[in-house]
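Number of protein chains: 2
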Amino acid sequence: PPYFSCTLKGDFSQMKRTHLFIAGLYLLASCRAEEGLNFPTYDGKDRVVSLTEKNFKQVLKKYDDKVAQKQFQLKEIVLELVAQVLEHKDIGFVMVDAKKEAKLAKKLGFDEEGSLYVLKGDRTIEFDGEFAADVLVEFLLDLIEDPVEIINSKLEVQAFERIEDQIKLIGFFKSEESEYYKAFEEAAEHFQPYIKFFATFDKGVAKKLSLKMNEVDFYEPFMDEPIAIPDKPYTEEELVEFVKEHQRPTLRRLRPEDMFETWEDDLNGIHIVAFAERSDPDGYEFLEILKQVARDNTDNPDLSIVWIDPDDFPLLVAYWEKTFKIDLFKPQIGVVNVTDADSVWMEIPDDDDLPTAEELEDWIEDVLSGKINTEDDDNEEGDDGDDDEDDDD
Amino acid sequence: PPYFSCTLKGDFSQMKRTHLFIAGLYLLASCRAEEGLNFPTYDGKDRVVSLTEKNFKQVLKKYDDKVAQKQFQLKEIVLELVAQVLEHKDIGFVMVDAKKEAKLAKKLGFDEEGSLYVLKGDRTIEFDGEFAADVLVEFLLDLIEDPVEIINSKLEVQAFERIEDQIKLIGFFKSEESEYYKAFEEAAEHFQPYIKFFATFDKGVAKKLSLKMNEVDFYEPFMDEPIAIPDKPYTEEELVEFVKEHQRPTLRRLRPEDMFETWEDDLNGIHIVAFAERSDPDGYEFLEILKQVARDNTDNPDLSIVWIDPDDFPLLVAYWEKTFKIDLFKPQIGVVNVTDADSVWMEIPDDDDLPTAEELEDWIEDVLSGKINTEDDDNEEGDDGDDDEDDDD
Numbered sequence: 001p002p003y004f005s006c007t008l009k010g011d012f013s014q015m016k017r018t019h020l021f022i023a024g025l026y027l028l029a030s031c032r033a034e035e036g037l038n039f040p041t042y043d044g045k046d047r048v049v050s051l052t053e054k055n056f057k058q059v060l061k062k063y064d065d066k067v068a069q070k071q072f073q074l075k076e077i078v079l080e081l082v083a084q085v086l087e088h089k090d091i092g093f094v095m096v097d098a099k100k101e102a103k104l105a106k107k108l109g110f111d112e113e114g115s116l117y118v119l120k121g122d123r124t125i126e127f128d129g130e131f132a133a134d135v136l137v138e139f140l141l142d143l144i145e146d147p148v149e150i151i152n153s154k155l156e157v158q159a160f161e162r163i164e165d166q167i168k169l170i171g172f173f174k175s176e177e178s179e180y181y182k183a184f185e186e187a188a189e190h191f192q193p194y195i196k197f198f199a200t201f202d203k204g205v206a207k208k209l210s211l212k213m214n215e216v217d218f219y220e221p222f223m224d225e226p227i228a229i230p231d232k233p234y235t236e237e238e239l240v241e242f243v244k245e246h247q248r249p250t251l252r253r254l255r256p257e258d259m260f261e262t263w264e265d266d267l268n269g270i271h272i273v274a275f276a277e278r279s280d281p282d283g284y285e286f287l288e289i290l291k292q293v294a295r296d297n298t299d300n301p302d303l304s305i306v307w308i309d310p311d312d313f314p315l316l317v318a319y320w321e322k323t324f325k326i327d328l329f330k331p332q333i334g335v336v337n338v339t340d341a342d343s344v345w346m347e348i349p350d351d352d353d354l355p356t357a358e359e360l361e362d363w364i365e366d367v368l369s370g371k372i373n374t375e376d377d378d379n380e381e382g383d384d385g386d387d388d389e390d391d392d393d
Numbered sequence: 001p002p003y004f005s006c007t008l009k010g011d012f013s014q015m016k017r018t019h020l021f022i023a024g025l026y027l028l029a030s031c032r033a034e035e036g037l038n039f040p041t042y043d044g045k046d047r048v049v050s051l052t053e054k055n056f057k058q059v060l061k062k063y064d065d066k067v068a069q070k071q072f073q074l075k076e077i078v079l080e081l082v083a084q085v086l087e088h089k090d091i092g093f094v095m096v097d098a099k100k101e102a103k104l105a106k107k108l109g110f111d112e113e114g115s116l117y118v119l120k121g122d123r124t125i126e127f128d129g130e131f132a133a134d135v136l137v138e139f140l141l142d143l144i145e146d147p148v149e150i151i152n153s154k155l156e157v158q159a160f161e162r163i164e165d166q167i168k169l170i171g172f173f174k175s176e177e178s179e180y181y182k183a184f185e186e187a188a189e190h191f192q193p194y195i196k197f198f199a200t201f202d203k204g205v206a207k208k209l210s211l212k213m214n215e216v217d218f219y220e221p222f223m224d225e226p227i228a229i230p231d232k233p234y235t236e237e238e239l240v241e242f243v244k245e246h247q248r249p250t251l252r253r254l255r256p257e258d259m260f261e262t263w264e265d266d267l268n269g270i271h272i273v274a275f276a277e278r279s280d281p282d283g284y285e286f287l288e289i290l291k292q293v294a295r296d297n298t299d300n301p302d303l304s305i306v307w308i309d310p311d312d313f314p315l316l317v318a319y320w321e322k323t324f325k326i327d328l329f330k331p332q333i334g335v336v337n338v339t340d341a342d343s344v345w346m347e348i349p350d351d352d353d354l355p356t357a358e359e360l361e362d363w364i365e366d367v368l369s370g371k372i373n374t375e376d377d378d379n380e381e382g383d384d385g386d387d388d389e390d391d392d393d
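Just so you know, the sequences run in chain order A and B. The numbering of the first sequence is full-length UniProt numbering, which starts it at 1 and goes up by one. The numbering of the second sequence is full-length UniProt numbering, which starts it at 1 and goes up by one.
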């Protein structure tokens, strides 16, 4: 049930009855070690000017001259808004100063400065996604839902089958009372809300999905066929271990809710990154080709392509275009060094003539062998200084 | 090309060379006449408390006691962030005080207080969507793309066919130089970025879509078969008129980018609203049933169901649940009075046993005939006061 009856009033002992508890670790400057995903935060510069009829011309003339001093703690505002929106869901919100309260932070299991933690029962879940009110609210709402979704009908099987861009698991059990279902449910809680767990108690549904009793199937993103987890029935620990081992797919979508975790999971300091806007015909076509490449290479443990749909990250598009020197109105694939965001991109001269799966595989092979790398072109560079602002007019 | 070479410096005459120009009409309290879509704005109340080891217990105890005074002009911050992100795209941003600068506002064609306007060439486009940085940035990026998307290949046809939840048009023309293509392109600009226009110059693609030369097909959302716009070839005005006449579909998705426009387009003061989370099996099943109902009733001009996917509006979920007294973890359908957000909802006792298309049609018939309405249950109400905050502990 989505509602809870108690609120965080009265005394400390009631804390246990609060379902979720959000804590932010803050410090003045955030210091992530890796590059490539810098969300813009308001830099205090005043770009929205007040326009009056009198100063209309003047304002346009001096458009970028005015620099304001004000600084807003935007992160705090986001948390305030989230707290406000979820006020009736009984979720507590606190901020912990990482410097001043080092001891308390350690005690609560908060180890990364600038991070956000959620306490749910005895679990501490790190939120490693985009720090935006809508993303955070959706994350929290997903967290208070049931950890396992039950599939009952043919139309629901269709819904299950349509999910292709994320890991999903489905198990067939006798009933909700089955001890194996309970182990499955416990395992699901370890990954909620990042990985979706489904179950069915219906023979017809199980047959349609070729599931045997107490079997759990693991679906890698974008693959047609699942892997049946071996040696059923399973304990909670066996399920958790299997998922952790298979958690890095050959092709994965960067998602706002765990983008930083994905980005930190690089292979030898690099990511192969593909930009494709799925709602755009060119982008759709490119993604289909990528899927083909992923299916052909699913057994290669050294390959994990990060697919980014620019539609999911409107605020990052300009930053990426500037940092990577590419045009994101077209599909792109490249290698990014996560330490300095240095990158090289495949030449796609015409978006009406995208590379074939074979051409992409050749290119990827050159990347994995080091033949294509981010260092070779570095002598060409030199002038990405801030020469776009001169105040001497 | 997404980049433009000039910036808004120097003198006023350069303004014409700026591609987009954003203006916000602001006043202290926003006063929309209709209810049902109130986005939360930060109310200045302090919910994120600073936690120290010392006051840990105390803070939890007095959790909701502290009320702060600070007020942030969040709208301005959003605009600042958008301006910052799009700085290199040459888009100018201004704010116009609706009270003090009434004359100027009128001159520029800004007629709604609290609204945001974009000047693109000689068009003034009102942004009538969610006032959030990501939505606004995506809106603006869509606005600087080409107004017509070209379909060249079979995979691109597949991408085109996958778009089902919004209006789309596609035309077949000889070439980009064709005068009929040019009329189509001009027509597209009237609706950019809200309605998508596609074109092909390829005979194979045209054959696959059963398009004759110079013909334009109009696809209503969720319908399998398009309507061929009659009397080809068309002028720009004929195309614009046809789209305007067919703009209200039988089933439409509420989109962040034009949610307020959709909400204002009510029928006799009410909306039939369906909540269904597409990524959830129950929600998917319910949406499939809704589509069936829409297809069966596409010729009924009095029917336009607004489908809301709660995933698109995480910040509104709690507000809707409270206002409509429903549980949004399950599919819902109801009638909402847009003047006071009064509503009645169909009883769906079990989300494993959703209503059939026939049952839904009967219910809708009762709504359209007035047999089911938002007034009948009003004597039952009475206690939705703010009794959830008592500071006397």
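Each hint should be verified, as a subset may be incorrect.
As the list claims (entries may be wrong) - Each computed DSBU-like pair below joins lysine-lysine, with the alpha-carbon atoms no more than 30 Å apart:
id	chain 1	residue 1	chain 2	residue 2
1	A	LYS89	B	LYS174
2	A	LYS330	B	LYS120
3	B	LYS232	B	LYS203
4	B	LYS330	A	LYS207
5	B	LYS203	A	LYS330
6	B	LYS103	A	LYS154
7	A	LYS330	B	LYS207
8	B	LYS182	A	LYS208
9	A	LYS89	B	LYS325
10	A	LYS103	A	LYS168
11	B	LYS207	A	LYS89
12	B	LYS330	A	LYS154
13	B	LYS120	A	LYS291
14	A	LYS208	B	LYS203
15	A	LYS203	B	LYS208
16	A	LYS120	A	LYS154
17	A	LYS291	B	LYS154
18	A	LYS330	B	LYS371
19	B	LYS89	A	LYS330
20	B	LYS207	A	LYS291
21	B	LYS174	B	LYS107
22	A	LYS182	B	LYS154
23	B	LYS174	A	LYS203
24	B	LYS232	A	LYS291
25	A	LYS174	B	LYS106
26	B	LYS330	A	LYS168
27	B	LYS244	A	LYS322
28	A	LYS207	B	LYS291
29	A	LYS330	B	LYS182
30	B	LYS325	A	LYS330
31	A	LYS322	B	LYS322
32	B	LYS232	A	LYS325
33	B	LYS291	B	LYS325
34	A	LYS330	B	LYS208
The hints are simulated quantities; they were obtained by calculation from the structure and are not laboratory data. Because the structure is a prediction, the values reported are computed rather than measured.
Each hint, compared with the structure:
1. LYS89(A) - LYS174(B): Given that 30 Å is the threshold and the Cα spacing comes to 58 Å, the pair is violated.
2. LYS330(A) - LYS120(B): 23 Å, holds
3. LYS232(B) - LYS203(B): Judged against 30 Å, a Cα distance of about 18 Å means the pair holds.
4. LYS330(B) - LYS207(A): Holds. LYS330(B) to LYS207(A) sits at ~26 Å (cutoff 30 Å).
5. LYS203(B) - LYS330(A): 24 Å, holds
6. LYS103(B) - LYS154(A): Measuring from Cα to Cα gives roughly 61 Å; hence the hint is violated.
7. LYS330(A) - LYS207(B): The hint holds at about 26 Å.
8. LYS182(B) - LYS208(A): 51 Å, violated
9. LYS89(A) - LYS325(B): 14 Å, holds
10. LYS103(A) - LYS168(A): 38 Å, violated
11. LYS207(B) - LYS89(A): 54 Å, violated
12. LYS330(B) - LYS154(A): 18 Å, holds
13. LYS120(B) - LYS291(A): Distance of about 38 Å is beyond 30 Å: violated.
14. LYS208(A) - LYS203(B): 40 Å, violated
15. LYS203(A) - LYS208(B): 40 Å, violated
16. LYS120(A) - LYS154(A): Status violated; Cα separation ~34 Å.
17. LYS291(A) - LYS154(B): 17 Å, holds
18. LYS330(A) - LYS371(B): 53 Å, violated
19. LYS89(B) - LYS330(A): Distance of about 16 Å is within 30 Å: holds.
20. LYS207(B) - LYS291(A): 27 Å, holds
21. LYS174(B) - LYS107(B): 41 Å, violated
22. LYS182(A) - LYS154(B): Violated, at roughly 47 Å.
23. LYS174(B) - LYS203(A): Violated: LYS174(B) and LYS203(A) sit about 55 Å apart, past 30 Å.
24. LYS232(B) - LYS291(A): Outside the cut-off at roughly 40 Å; violated.
25. LYS174(A) - LYS106(B): Judged against 30 Å, a Cα distance of about 69 Å means the pair is violated.
26. LYS330(B) - LYS168(A): This hinted pair holds, its Cα atoms lying about 21 Å apart.
27. LYS244(B) - LYS322(A): Status violated; Cα separation ~39 Å.
28. LYS207(A) - LYS291(B): With Cα atoms ~27 Å apart, LYS207(A) and LYS291(B) stay inside 30 Å; holds.
29. LYS330(A) - LYS182(B): 23 Å, holds
30. LYS325(B) - LYS330(A): 45 Å, violated
31. LYS322(A) - LYS322(B): 43 Å, violated
32. LYS232(B) - LYS325(A): Roughly 44 Å between the alpha carbons, so the hint for LYS232(B) and LYS325(A) is violated.
33. LYS291(B) - LYS325(B): 25 Å, holds
34. LYS330(A) - LYS208(B): Holds: LYS330(A) and LYS208(B) sit about 25 Å apart, inside 30 Å.
Checked against the numbered hints above, the structure violates hints 1, 6, 8, 10, 11, 13, 14, 15, 16, 18, 21, 22, 23, 24, 25, 27, 30, 31, 32; every other hint is satisfied.
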